Amino acid sequence: MNLSETLHSAIASILSNKLRSFLTMLGIIIGVAAVIAMTSLGEGTTEEIVGQIGSLGSNQITIIPGRSRGMPGMPVASRGGNMLEWKHYLQLQNFGFPGIKNIIVENTTSFAVTHGRESVRTRVVGTTPQYPEVRNFKVDTGRFFDQKELDNAERVTVLGRTVAQDLFSSPEEALGKKIRVGRITATVIGVMEAKSSGIQDLGEQVFIPITTMQKRLTGSKYIQSMTVQTETEEDLDFVVQFLETFFINRLKDPEKFSIINQQDILDTINQVTGTMTLFLTAITGISLLVGGIGIMNIMLVSVTERTREIGLRKAIGARPFDILIQFVIESSLLSALGGIIGIILGIAGSRVISKFTSYPAIISVEAIIIAFSISVGIGLFFGIYPARRASQLDPIAALRYE
Amino acid sequence: MNQPVIKVEDLWKIYQLGEVQVEALRGVSFEIEEGEFVAVMGPSGSGKSTLMNILGCLDRPTRGRYFLDGQEVSQLNENQLAQIRNKKIGFIFQSFNLLPRLTALQNVELPLIYAGVPPQKRKEQAIKSLEAVGLGDRTHHYPNQLSGGQQQRVAIARALVNNPSIILADEPTGNLDTRSSEEIMHILQELNREGKTIILVTHERDIASHARRILHFRDGQLVDNETVEQPVEALEILKELEEEEVVESV
Chain A
1 MNLSETLHSA IASILSNKLR SFLTMLGIII GVAAVIAMTS LGEGTTEEIV GQIGSLGSNQ
61 ITIIPGRSRG MPGMPVASRG GNMLEWKHYL QLQNFGFPGI KNIIVENTTS FAVTHGRESV
121 RTRVVGTTPQ YPEVRNFKVD TGRFFDQKEL DNAERVTVLG RTVAQDLFSS PEEALGKKIR
181 VGRITATVIG VMEAKSSGIQ DLGEQVFIPI TTMQKRLTGS KYIQSMTVQT ETEEDLDFVV
241 QFLETFFINR LKDPEKFSII NQQDILDTIN QVTGTMTLFL TAITGISLLV GGIGIMNIML
301 VSVTERTREI GLRKAIGARP FDILIQFVIE SSLLSALGGI IGIILGIAGS RVISKFTSYP
361 AIISVEAIII AFSISVGIGL FFGIYPARRA SQLDPIAALR YE
Chain B
1 MNQPVIKVED LWKIYQLGEV QVEALRGVSF EIEEGEFVAV MGPSGSGKST LMNILGCLDR
61 PTRGRYFLDG QEVSQLNENQ LAQIRNKKIG FIFQSFNLLP RLTALQNVEL PLIYAGVPPQ
121 KRKEQAIKSL EAVGLGDRTH HYPNQLSGGQ QQRVAIARAL VNNPSIILAD EPTGNLDTRS
181 SEEIMHILQE LNREGKTIIL VTHERDIASH ARRILHFRDG QLVDNETVEQ PVEALEILKE
241 LEEEEVVESV
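Protein chains in written order, with this note's numbering: chain A, 1 to 402; chain B, 1 to 250.
Since the hints were derived computationally from the structure, they do not count as laboratory data.
Mixed in with the good hints, there may be bad ones.
Claimed, not checked - Which residues of chain B face chain A? A few of them, derived with a C-beta cut under 7 Å, are:
id : residue
1  : 53
2  : 58
3  : 97
Remember, predicted model here, so these are calculated numbers, not experimental data.
C-beta atoms are modelled at their ideal positions from N, C-alpha and C, and glycine is treated no differently.
From just these sequences and the hints, can you work out the full model?
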């Protein structure tokens, strides 16, 4: 009996009992659909996060005081106190190390920002003029402060879009107005574009020159973080090495600062989301296992039901192998069909979820091929035992079976 | 002289049922020539079913030898036996054993599928076979659309389709009324006249009398080898049945 004959008879057998075939396939359908949906949403989310991090500027190295805690590469609140000072920024700036394109500092403190009767408490960032370029975060209306305003510690401020909307009717109206930031009065010279980091709204910030913040607001010479942008990605490792030496020479203790490579953060995120995806896939894999057992169960029932048919086929010349193949093909076809339906449902499902949650879904061809192969494999594996039983039936007993 | 199509020598079949040994066949020997129509008769427990299973290569004897077409088949393995069944034996069962999901034509084609005959040739042969049993117009009917007699004729067509050396009919009329039984016996007699070797297993004397020779079995042994001088002609009985019907309707 050749393959196409066997396939034909398997299709006929599956179609002859549609409801039962469907219920049998259900386990595989759900399993495969879940695997496809999980992996595509997982991959989509990872890509989104990585993209967002990239959108916050590329080729960055961040230096923070103290040892960073938590996962490697993740900028978590540090201990070790205030070690980085404004003078380090100036020294680094003046060093002129090749490969370094920009250096910015960021000090963030929460202050009340007030205009007339409107007042919001928000993050006030003291920084340097290269901030928009390094952070890939542009001014929408007006301009950012310049080097001269930084050097003179002038009372100027650039508002985040959300803050501007909270205090004024429109960004244009904010320009030139005087507002209170903490205990100083500053002139609004610009409003940033609307942007989100994916985690927080970047519009809820107010920018002032770091010098203004240190001299007029906090009175502190320390800085919370320094970010170095390199010319190219290739420069990253090289510059990191330089920065290590540079800060060890000045701070005399590797425990007093941490250097965080943006690439490390991306690697960590990929690792975390990869583990998550693997974990979710493993859980849905259990559903596939259950589906496989369901198929085995039904195939065993089917063998019993068709005992006489098996007996007859043997009597008219079917070899045990012919019977084995017939049942294995049937179970494989059943699970392959379940796999195909599951893939379609999984793609549709991830599209729907993506629509309602705004998580992007990336359907990978690999996931589809793997899911399909696994479902066929399950049919093969769980079909072999029932098929063996069928092939070993004694034709005499089988023909007499009622 | 032609060699016999079936030759069995001192055939024993012993079943081990727990502690008890059951001797289903106890040293049976006989020969059947090509073109014979032989009935195997005996009450239940006489060993005729066991004999039928061995003759049909569904089972192997415990002892003794069985030659089919001059080939010793008593010690062949399962795959070889499957091939012998496929090529040399046509089975007809009491309960027809047609596959309900297949049409008459597909049922008849089944042995040819296992023989590896290509589809077109298979179909031609199956149609010829169905025509031979008078069902040329029922090829696309499913078993449940056919009467019992018609179903058994499909089964006969299936038994014939591989052009086997012997046709083994196991109580072929057991599930049929008198008229359908005689129709089936008529077909078997016709096939025999065309030269087919037919072995009929039955416990009914009326049916056995259609054969030209009867092997009587009792307690696992061949007790009588009876030659039927005047075999019953199924066609005659069919005519009588028709006349009776006419009389009744008058």
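Taking the hints in turn, this is what the structure says about them:
Checking residue 53 of chain B against chain A by beta carbon gives a least distance of about 5 Å; that is within 7 Å, so the hint holds. Taking 7 Å as the C-beta contact cut-off toward chain A, the hint placing residue 58 of chain B at the interface holds, the least distance being around 5 Å. About 5 Å separates the beta-carbon of residue 97 of chain B from the nearest beta-carbon of chain A, less than 7 Å, and the hint is met.
Hint check: no violations occur; every hint is consistent with the structure.
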